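Enquirer: The residues making up each chain are set out below.
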Amino acid sequence: MSDPFAEDIIAVLPNLKRFAISLCRRPDLADDLVQTAVERALRGRTSYDPTTRLEPWLFRILRNAWIDITRRNQTRGVEVDADTAFDMPAVDGVRDIEARLMLDKTNTALQTLPDEQREVMILVCMQEMTYKEASAILDIPIGTVMSRLARGRLALAEKLGIS
Amino acid sequence: MPNSAITDETLMAYADGMLPDDEAAKVDAAVANDPALAARVAMFGETATRLSDLSQAQKANVPAGLEDHIRALAAETAPEPVINLAAHRKARQVPFWQIPVAASLFLAVGVAGTLLLQQGQTNHPLHVTGLEQPALHKALDDLPSGESRDIAGGGEVVAVASFTNAEGEFCREIEFRPARGRTIISVACHEDTSWTVRLAVAAATADDTGYAPASSLETLDAYLSASQASAPMSVADEAAALRKLTQAD
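Chains as they are written, first to last, in my numbering: chain A, 5 to 167; chain B, 233 to 481.
In short, the hints are calculated from the structure, not lab data. Be a bit skeptical, because a hint or two may be false.
[To be verified] Derived pair list, reagent style DSSO-like, types lysine-lysine, alpha-carbon separation capped at 27 Å: (1) Lys109/A x Lys476/B; (2) Lys136/A x Lys258/B; (3) Lys109/A x Lys163/A; (4) Lys476/B x Lys163/A; (5) Lys370/B x Lys476/B.
[Unchecked claim] Some chain B residues near chain A, calculated using beta-carbon distances under 8 Å: (6) Leu251; (7) Thr309; (8) Ser426.
For clarity, every value in this text was computed on a predicted model and none was experimentally measured. Using N, Cα and C, we set each Cβ at its ideal position, and we do this for glycine too.
Please work from the sequences and hints to get the whole structure.
Expert: And the structure:
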């Protein structure tokens with residue numbers, strides 16, 4: 005008998021993985037982080053309020069797991085460079101060279117931003133969280149989410165030459 | 233600059249479609265008259281598009297075994313579907329101060345026929361264990377544990393739990409709450425083709441709730457433990473056992 009809660013988690017695993025990559029910038033660490041987060045989520049499943057969206061709840065657990073890991077292991081020191089942090093499809097998906105260059109540029113620019121700005125940009129612009137959801141995930145006021153997001157996007161626009 | 237009051241945050245929220253309608257309408261009007269503002273909105277929109285494209289392009293393979301791991305862990309951590317006898321009892325216990333000091337228990341064990349219990353001053357015979365009431369019989373046959381059913385003529389029957397005894401017989405604990413008088417807690421087991429009552433406790437009640445007080449439940453617990461009753465069946469197991477029963481009948 006399949007458990008709908010487990011299937012719901014499985015359905016958003018790719019999003020969790022992307023968020024994990026963006027936090028730890030290493031695909032191998034990201035797998036461990038996703039696994040840690042889903043294990044915590046399942047063990048703490050009674051604390052999930054089914055009237056809310058599952059994804060922000062999982063993101064918050066994942067982010068807290070990441071904070072725990074960095075506190076314990078100080079892995080933040082072993083960041084790898086931005087290019088390997090994102091697995092870009094080489095053949096399928098993006099074939100157009102220009103489009104691919106644009107993605108690389110966006111990625112590189114994003115990686116140079118301060119963590120606090122990058123984080124909200126990833127949540128809102130890449131993971132499609134609302135400002136409110138991002139505020140709950142990061143445990144910061146919604147006004148702070150908006151100001152970090154606006155500053156981050158202005159900086160990104162400047163780096164990418166978007167006027 | 234008439235529109236200098238509009239912050240970057242507001243323009244961004246406008247570009248993201250996160251503004252409430254009334255505020256969005258104001259920005260609409262402002263942007264329509266100010267190309268600089270419109271450009272700023274477009275810039276915010278463009279950053280969102282670029283980041284969204286990046287997100288789409290990211291591969292996000294998850295390790296092969298993770299899905300199975302999640303399913304296995306989910307089975308382990310699933311909220312207990314088993315009917316918790318103790319919890320059921322807790323819910324129906326009356327506070328101890330409401331239990332009469334001399335809570336009288338009438339205990340009848342191993343009686344198959346009709347048993348008459350004298351009820352205090354009324355001398356009103358109460359048919360406890362014959363389960364001659366078709367409604368009670370039917371409840372044993374098909375009422376899922378945790379549910380109650382009104383009985384024609386007054387009162388209700390509550391199915392508490394199902395379990396198997398040491399002999400492997402399918403047994404059920406039910407409560408019969410007549411419209412008037414004592415609540416009867418009863419354990420009946422299915423022998424051959426019919427139900428036989430193994431235990432009936434007529435619980436004294438201190439108020440009009442008819443709820444069985446804790447002391448009578450201790451008696452029941454002692455009986456269940458002595459008869460080596462299994463843990464209560466899960467909802468699914470009970471449903472399967474009941475289905476089997478009605479098919480066999």
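Enquirer: Thr309/B was flagged as interface toward chain A. Is the shortest Cβ-Cβ separation under 8 Å?
Expert: Holds, about 5 Å.
Enquirer: Holds or violated: Lys476/B and Lys163/A, Cα atoms, limit 27 Å.
Expert: Since the Cα atoms of Lys476/B and Lys163/A sit roughly 71 Å apart, the hinted pair is violated (cutoff 27 Å).
Enquirer: Classify the hint on Ser426/B as holds or violated, based on whether any CB of chain A lies nearer than 8 Å to its CB.
Expert: violated (33 Å)
Enquirer: Under the criterion that the straight-line Cα-Cα distance not exceed 27 Å, is the pair Lys109/A, Lys163/A satisfied?
Expert: At roughly 9 Å apart (the allowed maximum being 27 Å), Lys163/A and Lys109/A satisfy the hint.
Enquirer: Against the 27 Å threshold, does the CA-CA distance of Lys109/A and Lys476/B hold or violate the hint?
Expert: violated (66 Å)
Enquirer: CA of Lys370/B to CA of Lys476/B, is that 27 Å or under?
Expert: holds (15 Å)
Enquirer: Are the Cα atoms of Lys136/A and Lys258/B separated by 27 Å or less?
Expert: holds (22 Å)
Enquirer: Against chain A, run the beta carbon of Leu251/B and see if the smallest gap drops under 8 Å.
Expert: Because about 10 Å separates Leu251/B from the closest Cβ in chain A, which is outside the 8 Å limit, the hint is violated.
Violated hints, listed in ascending order, are 1, 4, 6, 8; each of the other numbered hints is respected by the structure.
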